[in-house]
Amino acid sequence: MANQNENKKQKQNQNQNQKENQKQNKKDDFSLKETSPNISAGRVISGDRLPTAFDLVEKMHFLFARIVKAKNLVQPTDSDTHTSNPYVELKLGTSMGTTRCMDKTSCPEWNQVFCFAKDRFQGSVLEIVVMDKHKAADAESGDAFMGRVAFAVSDVPMRLPPDSPLAPQWYKLEDKNGVKLVDGELMVSVWMGTQADEAFPDAWHSDAAAPINGTQHIAYTSSKVYISPRLWYLRVNVIQGQDLFLRNNNNNNKNNGNSEIFIQAVLGNLALRSSPLKISPNPIWNEDLMFVAAEPFDESLLISIEHGISNKHESLGNCVVPLKDVEKRIDATPPACMWYNLQKKPKDEDENQSTFAGRLNVRISLDGGYHVLDEATHYTSDLRPSSKYLCNPGIGVLELGILSASALSPMKKENRTDAYCVAKYGPKWVRTRTIVDSLSPKWNEQYTWEVYDPCTVITIVVFDNAHLQQQGGENAEAAVDRRIGKVRIRLSTLETGRIYTHSYPLINLSAHGATKMGEIQLAVRFSSPSLLNVLQTYARPLLPRMHYRSPLSIFQVDNLRNQAAAITTLRLRRAEPPLSKEVVEYMLDVRANVWSMRRGRAQFYRIVGLLNALFFVWKKFDEIKSWKNSVWTTISYIVIVLVIVFPGVILPSTFFLLLLVGIWGYRTRPRYPSHMDMKLSHADTATSEELEEEFDPFPSKFSGDNLKKRYDRLRGISGRVLAVMGDLATQGERVQSLVSWRDPRATALFVIFCLVATIVTYLVPFRSLVFILVSYLLRPPRLRFDMPALPQNFLRRMPANSDAML
2 MANQNENKKQ
12 KQNQNQNQKE
22 NQKQNKKDDF
32 SLKETSPNIS
42 AGRVISGDRL
52 PTAFDLVEKM
62 HFLFARIVKA
72 KNLVQPTDSD
82 THTSNPYVEL
92 KLGTSMGTTR
102 CMDKTSCPEW
112 NQVFCFAKDR
122 FQGSVLEIVV
132 MDKHKAADAE
142 SGDAFMGRVA
152 FAVSDVPMRL
162 PPDSPLAPQW
172 YKLEDKNGVK
182 LVDGELMVSV
192 WMGTQADEAF
202 PDAWHSDAAA
212 PINGTQHIAY
222 TSSKVYISPR
232 LWYLRVNVIQ
242 GQDLFLRNNN
252 NNNKNNGNSE
262 IFIQAVLGNL
272 ALRSSPLKIS
282 PNPIWNEDLM
292 FVAAEPFDES
302 LLISIEHGIS
312 NKHESLGNCV
322 VPLKDVEKRI
332 DATPPACMWY
342 NLQKKPKDED
352 ENQSTFAGRL
362 NVRISLDGGY
372 HVLDEATHYT
382 SDLRPSSKYL
392 CNPGIGVLEL
402 GILSASALSP
412 MKKENRTDAY
422 CVAKYGPKWV
432 RTRTIVDSLS
442 PKWNEQYTWE
452 VYDPCTVITI
462 VVFDNAHLQQ
472 QGGENAEAAV
482 DRRIGKVRIR
492 LSTLETGRIY
502 THSYPLINLS
512 AHGATKMGEI
522 QLAVRFSSPS
532 LLNVLQTYAR
542 PLLPRMHYRS
552 PLSIFQVDNL
562 RNQAAAITTL
572 RLRRAEPPLS
582 KEVVEYMLDV
592 RANVWSMRRG
602 RAQFYRIVGL
612 LNALFFVWKK
622 FDEIKSWKNS
632 VWTTISYIVI
642 VLVIVFPGVI
652 LPSTFFLLLL
662 VGIWGYRTRP
672 RYPSHMDMKL
682 SHADTATSEE
692 LEEEFDPFPS
702 KFSGDNLKKR
712 YDRLRGISGR
722 VLAVMGDLAT
732 QGERVQSLVS
742 WRDPRATALF
752 VIFCLVATIV
762 TYLVPFRSLV
772 FILVSYLLRP
782 PRLRFDMPAL
792 PQNFLRRMPA
802 NSDAML
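This note's numbering applies: residue 2 is where the sequence shown begins, and numbers increase by one.
In short, the hints are calculated from the structure, not lab data. Be aware that one or more of the hints could be misleading.
Mimicking BS3-like on lysine-lysine, the simulated pairs with C-alpha atoms at most 30 angstroms apart in a straight line are [what the hints assert, rightly or not]:
| id | residue 1 | residue 2 |
| --- | --- | --- |
| 1 | Lys72 | Lys134 |
| 2 | Lys105 | Lys134 |
| 3 | Lys92 | Lys105 |
| 4 | Lys92 | Lys72 |
| 5 | Lys225 | Lys702 |
| 6 | Lys119 | Lys70 |
| 7 | Lys517 | Lys414 |
| 8 | Lys487 | Lys346 |
| 9 | Lys105 | Lys70 |
| 10 | Lys413 | Lys443 |
| 11 | Lys413 | Lys517 |
| 12 | Lys443 | Lys60 |
| 13 | Lys345 | Lys313 |
| 14 | Lys225 | Lys60 |
| 15 | Lys345 | Lys443 |
| 16 | Lys325 | Lys346 |
| 17 | Lys325 | Lys70 |
| 18 | Lys389 | Lys429 |
| 19 | Lys429 | Lys414 |
| 20 | Lys92 | Lys119 |
| 21 | Lys429 | Lys329 |
| 22 | Lys329 | Lys414 |
| 23 | Lys181 | Lys134 |
| 24 | Lys92 | Lys413 |
| 25 | Lys346 | Lys313 |
| 26 | Lys487 | Lys225 |
| 27 | Lys389 | Lys325 |
| 28 | Lys70 | Lys279 |
| 29 | Lys582 | Lys702 |
| 30 | Lys119 | Lys181 |
| 31 | Lys487 | Lys325 |
| 32 | Lys60 | Lys517 |
| 33 | Lys702 | Lys626 |
Could you put together the complete structure from these sequences and hints?
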């Protein structure tokens, strides 16, 4: 029996150890890890090697081949046609690239660059073969061989920037036996280089070519830089209308009691309306309608006066205002008032004819003194105003090295991932090349941004490229790049000049829960030539001056942010290659203000964490007041008495204590940048129902019992919030009722108390009053009572407006 009990205890201990190890592994999985990549930054470089701008990434060697053009191509002997459709195949080991096919020419021009990663190819000879593409009529015979050129990899010259590009040369084509042909030449340049080469971004890459035929998808796999449009706020201040022509027919008279007139302004695909007014030939609104407009202001603003109800109305007249003619302002000076003639096209006349329908007095301006927010306000990457004339000079440079990723989760059915990164800071977006079919891709690409404010955030996201398997058309449009994980780094948490090399966990939160999708290795450096310029930014307002002189409401800021995000998404989707809608929206965090039970719980515990210090102080004060430790109570009493006697030491002592706290905290200061915290986000404790609700689109895709259950739960939460709000309002109204004479007896007692307090505080010195109050609060337990104090009892009996609530 004893042996059995011992075995049970051992098994229990083993199970406990396993659980502890699992918890520790889970904690380590989502932690930030310091790495030591083989980068040249921070090293002493020997005299025979020049420093490069790519010092935050590991150097990767590539074999570059530029296929420029060909001439005098000879028709194959077995060809029945007199024209050829030449294209070029490049073969290096198991890697093969193909140029586009040129139709019916003997002197084609390609001007394409091919890039083979040195760590991936195993061959020793680069073979460049010119082929003749057979069309559908004779496709069964296969493509014909036209000639080739071969290069030994060991003989290829090395080129490093800032060297000029290698000049291409003409090479005689050879047959399959290596004999030079009489006719046919190919202009080629071949060299060894690194990712710092100018041809690298637009080249065809061997590590991005596994499932791709030809070069039709190079745009979707190469690295690119995008620039967000410069956005301005368009303010339309509608003042009044004059001499409006109101039609008074029988159809309108039927609904005359319910119809109204309002202003409708349309810019692009967005329409805003003013508040409705009663029908009048001279209505007065004096109301602002705010839009977001993008340079170069090639759109027009359509303003119309509508008559009717919200869902059924007709235009009384409209005017068109080109944005390029709108006044720009950079301060709070009101723009000039302009009268615009309203035109209306009669239904029974020619469409080209229009009649005068009244006038409209409007102030229209493009406000360049604001910063147009298109990101979430808590982690924005740019705070500069729209106008260039108000922008402060840069204070430093941010350098980001996107090194590699490891242990990525498969994102496709074929158990594969085609990963690429997108990074955004300010108006500059960067996209790395796509590494095809790799769960541990290596990018080693470095990018640079100019920094204007250190209190900003750079966002890096890893996506899976879904456009490579599509062959164009509707399927390509329907392809969705799935997100793998996001990293945010706040620049103000970085030490100036220090290089941070860490492996960040990639966490993807979806309706199925929070999952670690892998890790990404980054190298970050924030450098500034002048520390004084960086410190001066902490004294400046966070936002431009117009945000404080003419502030926008919270509703306006939220609405304008959605407009700005939509415009940015549309512009970047029109780039080549486009940044898809889901990529831009996830980078801008469009769903930041969507209701989430998980996020609400996390915000609540953040507030609790802030109040813990106050709770701690109150707890210690209660212990001192209760004489749990008589020594500490006596010391506290003596210190307070000394402060009362010498009040001049209060402020110096307070700041000295804060100084000691700051110096003591320097030893345990954070050494790593901030990263996504699972525990802080409460992503590890969120239930499946909460996550389904968080990722539910608008309008909801659920119905029936699921929607009813969520609605009932939201009602319960809202009920508790309302109860807390009611308690706060009741306490405030009780304080107000002390002098409101709602309870005449209580107010009379309070007035008498104020009279006595006035006399006492006038006659008794202030130090004596404080001494008496402290002595009363710190009185021994023998002199205490368990019942509430008299002021508390008196305040709780005061009336409040809750009695009048329905």
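Below or equal to 30 angstroms on CA atoms is what counts here, so check Lys92 against Lys72.
holds, 21 angstroms
Given the hint that Lys225 pairs with Lys60, does the C-alpha gap stay at or below 30 angstroms?
Status holds; Cα separation ~20 angstroms.
Holds or violated: Lys429 and Lys329, Cα atoms, limit 30 angstroms.
Given that 30 angstroms is the threshold and the Cα spacing comes to 25 angstroms, the pair holds.
For the pair we were handed, Lys346 and Lys313, check the Cα-Cα distance against 30 angstroms.
holds, 19 angstroms
Taking 30 angstroms as the top limit, are the C-alpha atoms of Lys105 and Lys134 close enough?
Distance ~10 angstroms between Lys105 and Lys134 Cα, so the pair holds.
Assess, step by step, whether the Cα of Lys225 is no farther than 30 angstroms from the Cα of Lys702, and give holds or violated.
violated, 36 angstroms
Check the hint pairing Lys487 with Lys346 against an upper bound of 30 angstroms on the C-alpha distance.
violated, 53 angstroms
Run the distance test for Lys702 versus Lys626: straight-line Cα separation, threshold 30 angstroms.
This hinted pair is violated, its Cα atoms lying about 57 angstroms apart.
Take the C-alpha atoms of Lys517 and Lys414, compute the straight-line distance between them, and say whether it is at most 30 angstroms.
holds, 19 angstroms
Would you check the hint for Lys413 and Lys443, treating anything up to 30 angstroms between C-alpha atoms as holding?
Holds, because 19 angstroms separates the two Cα atoms, which is no more than 30 angstroms.
Would you mind confirming whether the straight-line C-alpha gap from Lys92 to Lys119 stays at or under 30 angstroms?
holds, 14 angstroms
Lys325 paired with Lys346 [C-alpha distance capped at 30 angstroms]:
holds, 25 angstroms
Checked against the numbered hints given earlier, this structure breaks hints 5, 8, 15, 17, 19, 22, 28, 31 and 33; the rest are met.
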